[in-house]
Amino acid sequence: MFAEFLQYLFSGLTSGAIYALAGLGFAIIYNSSHVINFAQGEFIMIGGMATATLVAAGMPLPLAAALAVVATMAVGVALEKFAVEPARNADVTAIIIITIGASIFLRGAAQVLWDKEFHSLPAFSGDTPLKVAGATLMPQSLWVVGVAVLVIAALWWFFNRTMFGKAMLATSYNPLAARLMGIPVKTVLMVAFALSALLGAVGGIVMTPITFTNYEAGIMLGLKGFSAAVLGGLGSGAGAIVGGLLVGVAEALASGYLSSAYKDAIAFIIILFVLFFMPSGLFGKKGTERV
Amino acid sequence: MRCLAKWGAASVAVLGAALFFGSAQAAETVKIGAFLSVTGPASFLGEPEKKTLEMYVDRLNKDGGIGGRKVELVVYDDAGTPDKAATFAKRLIQNDGVDILIGGTTTGTSMAAIKVAEPASVPFVSLAGGIDIVDPVKKWVFKTPHTDRMAAEKVFADMKKRGITKIALVSEDAGFGKSGHDQSLKVAPAYGIEIVADEVYSPKDPDVTAQLTKAKNAPGVQAIFNFGFGQGPAIVTKNYKQLGITVPLWQSHGVGSKEYVRLAGDAAEGVRLPASGLVVAEQLPAADPQKPVVTAFKKEYEAAFKSEVSTFAGHAYDGLQMAAAAILRAGSTDKAKVRDELEKTSGYVGTGGLVSMSATDHMGLSPSAFHMVEIRKGDWVLSD
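Going line by line, the protein sequences match chains A and B.
Here the first sequence is numbered in this note's numbering, starting from 1 and rising by one per residue.
Here the second sequence is numbered in this note's numbering, starting from 1001 and rising by one per residue.
Accuracy of the hints is not assured; some may be wrong.
[What the hints assert, rightly or not] With a straight-line cut-off of 30 Å between C-alpha atoms, the simulated BS3-like cross-links for lysine-lysine are:
1) B:Lys1031 x B:Lys1344
2) B:Lys1051 x A:Lys116
3) B:Lys1204 x A:Lys116
No wet-lab data here; the hints were simulated from the structure.
Please read these numbers as outputs of a predicted model, since none were measured by experiment.
Modelling step: build the complete structure from the supplied sequences, incorporating the hints.
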C-alpha cells in the first residue's frame, strides 16, 4: 500500500521536476520585461536536440552539453536582437505575440536543420533504478530535481545579491526610471533572453534521457512549464518549482487513485482552484506594485 | 486604340493556343493528386510518403508511363489538419482535374477527404490506418495499410497461444492509441481475453510509472499490452523495466521502426509486436511471396534517401502501384472504370501484404499480413 503511494509520488516527482525546470525559464524574462516568452519551450528543445546530435556524432557528453548551451544562448540573444528589440516600444501583448511567432519559426527551423525523429541521450548515472521501500526511482530523476534546485539557488543569488540582477529587477518595475539611473535597459533585456535560453538548454539536456526530444518537444514543455509558472506565481523561481511539482504529483496521484483518463483534468482543476483564491499564484507578488 | 485591339487579339490567340495544347496534353497524361501531411505532427508519416510517391512516379515515367501515357503527380501538404485536407482534395478534383486521389496520411485527414471524393465520384486510395475509412464500405474509397483491429487480433491470438487470458491494456489517450484501445476492447472477448486493467496516458507524458504500477497490481494480470505511437511506447517500455515488471509486454504495430528500439534501449529486450513484412524483409523465408517485393523496395528506398525505410513509405508505394495497375487494366482514366478495376485488385503482392479486394472489402489485406516479431539484442526476430 505504502509502496504504491511512494511509486505514485516518485512518478509525480519525475514529471513535476521536468515541468518545474520548464517553468523556471519563464520567470527570468518576465522579471526583466513582464513579457511571457512563449519560445521558452523551444530553448529546451534546442538544448536537448543539439546535445543529442553532438553526442551521437561521438562527442563526450560534458563538451556536447556545453556547446549546446552556448548555441542555445546565441539563439536567445538573436531572438531578442532581431525580433523583440525592434518592437521594444510596442506594448507587452505585442511582444508576447512575437515570441509565439518566434516559437513557430524555431520549430520549423529545427525540423529542417535536424529531422522529425526522436532523439535521446544516455542517462547520466546509468539505468539502474534506485529502490526505496518497494518503489523505484531512476537516478536521472534526481538529476532533474537537483539541477532545478541548483538553478533556483543561483537565480536567487543573482537577483538579490548582484548589481546586475538588481538592475534587471529595477528595469522590470520601471524601465524609464531605470534608464535615468544609468541602467543599460537594452543590455538587460538581452541578458535576460541569454539567461533564460541557458536555463532552457540546461533543462532540455537533463530531461532528454527521460522524455526524449524531437523538433516539437517544446510545445508540451512550454505549456506545462507555463502552467507551473502561473500556479506558483509568475516571476517567482520558488513558485515555478512548487507549481511544477504540484502539477506533476497531482497528475500521478490522480492516475493512481482515481482514473488515468482524468489526470489532466484534475491537474487543471487544481490550477483553476488556486488561481480563483490567489489570482497572482502561490508565491506571486500582489499585483499592485506597478503604479 | 488600334494598338490595344491588336494586343487583345494576340493575347486571345495565345490564350487559345495555350488552352488547346493544355487540353491536348491533359488527355495524354494521367494525373494523380496527393494530399499528405508533409509537415505538422504527422510529418514523419507524410514525408516518407511524399518522397516515395515522387520517386516511383519518376520511375513510372522513365519506364514509359502507364500504358504509354505520362504520369503527372500533384502534391499538396495538409499539415495534418482535416480542414486543409478537404480543401486540397476539392482543389485537386476541381482545379487540377486529377484522375485519382492518393493520400490522407492520417485517419482524420482521410475521413475529411472522403466527404469530398464520394460526392465528386473520384477514386480515392487512403494511406491511413483507421478502420472507419473502409468500414462501412464506401463506393469510391480504398485503403492500403493494415487496421488497428488486425493488429489487436494478431496480438490476442499470440497471447491465446501462450495461455494468457488476463491482461492490462495501457494506451495513449489520443489518435492512434485511442482507436487501438477501442478496437482492442471490441475484439478481446473473441480470443477469450479479459482486460483487467485499462490505463491511459497522454502522448507527451514524461513518466507513466503510476499507470504501470496499477497495471502491475491488477489481480491476476498475465501480460501488458501497450497501444501507442511516437515516444510514448518507448517511455512505457523504460518504465516497465524500471518497475521490474515480470509479466511479458506486447506492443502494437505503432512501434515498428528501429527508432523505438533505439529509444527504449535494453528495456525493449523480449518485447513482442505485430509488424508488416517490410520491417523484417531480410528475415522472411525465401518462399514468402512478399520477400522479393519488400527487399527490393527497402533497398531502393534506403539507397535513394539514406534513411531507414518506414512502413508509411510502403503504404504510399502500395497505393501508387495498385492505382497504376487499375488504370492500366481500365485502359483509360475513366473514373468509374478505374474504380471498378481497383475493386477487382486481386493477388497484388505489396509491402503491406497480399491484397485481394472485393465489393465488401476495400482494403483486401489478409490477417497473415502481420508477422509476430520479438526484439532480441536490439533487432527484430521473426517469431510467428
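message = Under the constraints set out in the numbered hints, which ones does this structure not fulfil?
response = Nothing - there is no hint that the structure violates, so all of them hold.
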